[in-house]
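Protein chains in written order, with our numbering: chain A, 1 to 137; chain B, 1 to 137; chain C, 1 to 137; chain D, 1 to 137; chain E, 1 to 137; chain F, 1 to 137.
Just so you know, these hints were derived from the structure itself, not from any lab.
Any given hint could be a false lead.
Identical copies carry no separate label here, and so any pair may be met within one copy or between two of them.
Said to hold, decoys possible - Only pairs whose alpha carbons sit at most 30 Å apart, straight line, appear in this in silico DSSO-like list of lysine-lysine:
1) Lys32 <-> Lys50
2) Lys32 <-> Lys67
3) Lys93 <-> Lys56
4) Lys50 <-> Lys77
These numbers come from a predicted model, not from an experiment.
So you can see what is in the structure, the chains are spelled out below.
6 protein chains.
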Amino acid sequence: MIYITRRERFNSAHKLFREDWSDEQNLEVFGKCSNPNWHGHNYELYVTVKGEVNPKTGFVIDLKELKRIITSQVTDKLDHKNVNLDVDFMAGKMASTEVLAMEIYNQLKPHIEACGAQLDKIKLCETENNFVEYYGS
Amino acid sequence: MIYITRRERFNSAHKLFREDWSDEQNLEVFGKCSNPNWHGHNYELYVTVKGEVNPKTGFVIDLKELKRIITSQVTDKLDHKNVNLDVDFMAGKMASTEVLAMEIYNQLKPHIEACGAQLDKIKLCETENNFVEYYGS
Amino acid sequence: MIYITRRERFNSAHKLFREDWSDEQNLEVFGKCSNPNWHGHNYELYVTVKGEVNPKTGFVIDLKELKRIITSQVTDKLDHKNVNLDVDFMAGKMASTEVLAMEIYNQLKPHIEACGAQLDKIKLCETENNFVEYYGS
Amino acid sequence: MIYITRRERFNSAHKLFREDWSDEQNLEVFGKCSNPNWHGHNYELYVTVKGEVNPKTGFVIDLKELKRIITSQVTDKLDHKNVNLDVDFMAGKMASTEVLAMEIYNQLKPHIEACGAQLDKIKLCETENNFVEYYGS
Amino acid sequence: MIYITRRERFNSAHKLFREDWSDEQNLEVFGKCSNPNWHGHNYELYVTVKGEVNPKTGFVIDLKELKRIITSQVTDKLDHKNVNLDVDFMAGKMASTEVLAMEIYNQLKPHIEACGAQLDKIKLCETENNFVEYYGS
Amino acid sequence: MIYITRRERFNSAHKLFREDWSDEQNLEVFGKCSNPNWHGHNYELYVTVKGEVNPKTGFVIDLKELKRIITSQVTDKLDHKNVNLDVDFMAGKMASTEVLAMEIYNQLKPHIEACGAQLDKIKLCETENNFVEYYGS
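Full structure from sequences and hints, please.
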């Protein structure tokens, strides 16, 4: 068993905000992250796939294929978009790094398994000072 | 003459968009950067100050003082904000990296000169792949 | 279960040195790290916390709270200090990266558990070329 | 149990290519990585060792010794070399990141165990966008 | 006048080698960089363009256009290639970082001027420890 | 004219402190940087040399020779040392980044000129957030 990781990036707007709370409640819990006019990030996404090495190619998975999956299922939907407003798989969900990482995992898992590999981990970096890791439920 | 640089960071939403153009015109010129619902970045700001070294302290400028100026004049106004909507010194201006760097320079210059030093350069990084440098007009 | 990591930094002096050994013995075992007049590092500390996502906030732990704990319990005591001489929780211990990482883990664990989360891992980077990871005993 | 990691680097040429396939087949499977005249990378190698901390030294393993092992067994053989043509332990093998990581693991394991520690993991980065991790079979 | 920089990357094989010298002479002058079977690097290329800001767009140059120029004139010719053997504009030249940076500058200059901007600088990084900068002759 | 830069690193202890001031005065001016028991940094040093390219080698300067000069004149004296106490060329001087950069410049200049090249710039990074640049007087 060996693990291979591909990094992709996307630049998005978001806010941490509950519609069912007042602005004051949102500010109290989410601080400056609740700014009504949004803020944004250069997100870095690391997708780790595990499997056996194919003896013919020396590959766990063809990285061109992995990149194609990540782009079509995830980064094309998020890059230069608003996480709260523009992204189908985030509709009605909190736009925290934790929830975004979990939903990205769910988006990618069936497509990676269809290639004969396993999705091991999503790592999602919001800033140079914080990131989230998710291995599935 | 010696040069000292301080890095600060801010996370903001923006879009490249002219109100006097249609969405189609904006899309044609600004591409995905014109997304009506915004996108965002982790900006990195490098402020370079030049001057003579004070023989008593070995300093060109006290970095604590430089940090205080950058924070109060620039990053407190930009961090977790919308560059187009929330920032007084960007009102009515294009939110491109070029224009933002020039306006940050104009915000900082008088305050740094009041400390007896000179503002040499603003470097503003929008992503790991592009940045702008401005030395004043 | 999801994992969230916060990075903090501190700049400290230290040496690898046993008082019960001669300078020659210290030099033989610890090399240049035993310099009697100290040397120092820009340490990078990554604190990883695990838990369930709170469905109301989308958070495992409030990062502002995690930062407050790390600052008060660890980095305020280490930053711009001497690891061997100035730090209460390192008194009488070897100032190696391994031991420092373990003692930082012990400092943080009860405070993170008091927030309803679990401390998963401490990663402590001494230089760009070496780091230590500790998951508790 | 604690984990310590040492980073080393090497700059090598390679290609992904099977001699028993035509150039067209190689191009179809390996794309631009099959360029007959080679290409190359600045590889980053992270070697993670685990063990108990020696109470006398505060060390899991002496990093000078770990560096000596990695240099003599791995990086001296790979740095400024051709992975396909010049490296004894890669002879007749695919020069993919996966296979290279596995063979580096096999090179290092007995030498690290001879120091009384255990080899936990090899992480091998080919570019800033992809890396492989191997924990042994 | 304002400066904007775009980063691109390419992974290439090369050697430092004079055909009119013996292997021994090459080894004496170029050391391990003269390995007959090549070695390689992940090169990072920074292209800096200067000009006035267009008041309509807030741009010095459209970065999509700059990327198109760099890709077609430079990185498509170098990426996953052999600098000594495969690159038209390097034929018969030493494949040092200095010469490569100068020739990249010469490739880009007319195309950037055709966009109404000026090429200020090429910065070419061969490893994390060395890079070359060229401003034209 | 072309510019080539070599990066080297050193890990040192220092403090900002005037013996002719009280501890209170030192604390007021230098803050936590005046900690009597020292603190330390992983310094990064960038040495930029300029000159004409030698048409035989494609080099401005042989980087192995540049590394030899930096190591013997600067980093061997600073690495794993105390800047205030252990470094001949800093004796009696303030151990600020500004002064250290200027003195490193003075150490290197004659040795680089003896190689037929010119020293252009010293860049000295103290943390990821601040650095100094010096071009000579």
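Ascending list of hint numbers which this structure does not respect: none
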